[in-house]
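Protein chains: 2
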Amino acid sequence: MTLLLSNDDVSNLLTMPECIAILEEAYRELAEGRGVSRTRSDCMTPTARQDALYSLKSMDGVIPKLGVGAIRINSDIVTWPQRGNNIRREKIRAAPGNRYVGLVLLFSTDTGEPLAIFPDGVMQRMRVGAANGLGAKYLAREAANTVGILGSGWQAGAQLMAVCAVRAISSIRCFSPNANNCGAFAQAMSELLDVPVTAVATPEDAIRGADIVMCATNTLDPIFFAHWIEPGMHLSSIKRPEIDAHAVKRADRVVIHTHDARPIHVVTKDLVVPERADGRGWESAGGLDFDKLPTLPDLILGRARGRASDQEVTCFINNLGLGYQFAAVGALLYRKAKESCAGRDLPTDWFTEEVHP
Amino acid sequence: MTLLLSNDDVSNLLTMPECIAILEEAYRELAEGRGVSRTRSDCMTPTARQDALYSLKSMDGVIPKLGVGAIRINSDIVTWPQRGNNIRREKIRAAPGNRYVGLVLLFSTDTGEPLAIFPDGVMQRMRVGAANGLGAKYLAREAANTVGILGSGWQAGAQLMAVCAVRAISSIRCFSPNANNCGAFAQAMSELLDVPVTAVATPEDAIRGADIVMCATNTLDPIFFAHWIEPGMHLSSIKRPEIDAHAVKRADRVVIHTHDARPIHVVTKDLVVPERADGRGWESAGGLDFDKLPTLPDLILGRARGRASDQEVTCFINNLGLGYQFAAVGALLYRKAKESCAGRDLPTDWFTEEVHP
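For the record, the sequence lines run as chains V and Z.
Residues in the first sequence are numbered consecutively from 276, following the working numbering.
Residues in the second sequence are numbered consecutively from 276, following the working numbering.
If you're looking for bench data, these hints aren't it; they were derived computationally from the structure.
Just to be clear, a hint being listed does not mean it is correct.
Copies of one chain are not kept apart here, so a pair can be met inside one copy or by any two copies together.
[What the hints assert, rightly or not] No more than 27 angstroms apart at the CA atoms, straight line, and that leaves these computed lysine-lysine pairs for DSSO-like:
1. Lys567 - Lys544
2. Lys611 - Lys366
3. Lys567 - Lys613
4. Lys366 - Lys340
Turn these sequences into a full structure, and let the hints steer you where they fit.
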């Protein structure tokens with residue numbers, strides 16, 4: 276049978292410490308060349324709507340040690356509205372029932388069969404959180420116990436779950452431009468993590484004195500700047516532009532997620548994509564060369580050097596996601612779902628065939 | 276609802292003339308830059324079996340004019356056995372029930388929603404056939420009425436359906452190394468096409484005097500050679516190495532399917548793939564530069580010149596498949612399935628989500 280799982284199933288079955296552990300193992304496999312990852316691709320075209328584009332995004336990965344391959348697919352209607360001073364990328368709930376479209380298909384490397392199909396949303400934030408958690412595990416000071424976070428959305432929650440899984444965090448300060456969201460987020464996360472989370476009025480209030488600064492927004496513009504850096508800080512970002520390039524350059528150690536730094540973009544002729552999708556402007560502004568920076572798998576395997584002293588400033592940039600992460604966390608999810616008989620069994624014959632394709 | 280279709284549904288709903296017509300329209304869109312196609316990628320790793328590899332293959336395409344995007348996925352256990360003098364690529368029926376794993380997911384560019392899910396096998400041969408049919412439509416002599424075909428398998432049948440859809444074919448000769456298969460194929464195709472198909476004993480018997488020569492095998496070695504060429508012939512191949520490079524060079528007009536000539540290969544360290552996957556050796560042997568050859572979309576749009584006289588030798592090489600083809604034929608399939616209430620309705624909510632992915 277092929278297991279159909281929902282976001283609720285994924286949410287019930289996955290824990291952040293387990294996601295971090297399976298990804299750590301998977302990154303070792305990747306660094307050793309025993310796992311493979313295919314760079315994300317984005318096919319973009321116009322839609323009937325003037326202000327929106329259609330985007331078909333896919334990314335694949337295979338981990339023989341875990342016995343799985345995965346493909347993650349997003350079929351999105353995308354807009355780039357101005358929010359306050361920043362431009363943001365926002366997906367529209369255009370599918371029936373006001374829903375988004377993101378799917379993961381998990382396959383067996385032994386039989387090729389589709390083991391499971393599930394939406395990508397909950398796993399998406401868990402794997403982003405877990406990757407930044409691993410960045411903090413290998414780069415932040417051992418004694419780090421305070422966190423300042425910029426952002427109070429869906430991703431920010433997983434970032435806090437992850438940092439609390441790798442360090443004994445005793446206090447968190449949170450800033451986001453919408454004070455209501457920020458307050459509600461602080462309260463919910465305090466309860467979930469059993470750590471006091473305080474909403475504050477400015478980014479500086481969140482950052483000042485924090486051992487670990489986490490950026491977790493969907494902005495396309497920098498939100499953390501060089502003059503906010505303090506000795507010993509660990510900086511963490513879930514996407515390329517959040518930490519200003521000059522701030523990145525000030526760090527003593529910078530590690531990125533992957534050298535698959537730019538997605539494969541395939542767009543129709545004359546299509547204008549508001550996003551600075553390749554990030555080259557941002558990099559060159561700070562004189563950064565991402566190709567020369569070490570990656571998280573290098574760091575985990577000990578090929579890249581971690582923090583050398585408590586005074587050093589470290590920085591982890593989760594510059595691009597990998598389908599490979601969905602294979603790793605998917606393997607964990609599948610095992611746990613089978614153990615607890617979660618999900619809905621669909622006939623595997625629906626997704627396999629008699630004829631040689 | 277999301278429509279689940281079987282290979283039987285696909286087979287019942289698609290006709291070759293309609294597949295050729297929709298692909299012709301789609302190729303125009305592609306050539307004009309209004310459709311997009313993402314090059315195939317193959318992730319390959321070892322499996323538990325010594326003689327087999329695991330391959331996770333994917334390819335995407337979007338055609339706004341037809342309102343669809345598609346992704347085609349293959350999750351294969353692959354071997355490369357020696358068959359007679361040739362090495363062949365063969366997939367193993369490793370999934371439960373001795374089945375293969377190939378899937379197409381079709382999405383709406385208006386809402387992003389998954390419109391349909393179906394196995395790729397039947398559509399795979401229809402789109403290969405239709406592409407070579409378009410090659411013959413634009414390159415073969417108008418009066419061409421005899422066909423010689425090398426191969427008697429799954430792909431060969433669609434090749435004959437396609438050539439009969441674009442020219443008034445009155446006789447077909449067929450050769451394949453297995454005389455039993457070849458005889459059964461000839462009989463079945465005679466009945467299906469209402470054109471006499473004769474099994475012959477040697478490749479030369481099939482080719483001599485044929486207006487159109489079609490290669491439709493899964494060999495990785497050349498099977499058609501330069502000294503078999505006759506004036507006015509149209510040569511057609513479903514994969515790169517079938518027509519010897521020296522024979523290709525002898526042709527007056529050569530058109531290939533796509534400049535996406537090489538799949539993106541991502542393999543584990545030290546993995547040996549028996550296939551000469553990038554085909555560079557084959558090209559350079561004949562001094563061919565695929566990047567400079569015109570493509571089928573160029574030919575259809577009139578950007579590349581077709582046959583200039585009845586004496587010219589023309590050649591179409593279907594060098595690599597495109598996910599884009601599955602979007603085009605998928606749009607046709609979906610329309611016809613809705614019209615005839617075919618398939619099984621699955622809740623679209625199974626494949627969409629509430630949370631922002």
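Going through the hints against the structure:
| no. | hint | in the structure |
| --- | --- | --- |
| 1 | Lys567 - Lys544 | between (32 angstroms within a copy, 21 angstroms between copies) |
| 2 | Lys611 - Lys366 | neither (30 angstroms within a copy, 30 angstroms between copies) |
| 3 | Lys567 - Lys613 | neither (42 angstroms within a copy, 52 angstroms between copies) |
| 4 | Lys366 - Lys340 | between (35 angstroms within a copy, 22 angstroms between copies) |
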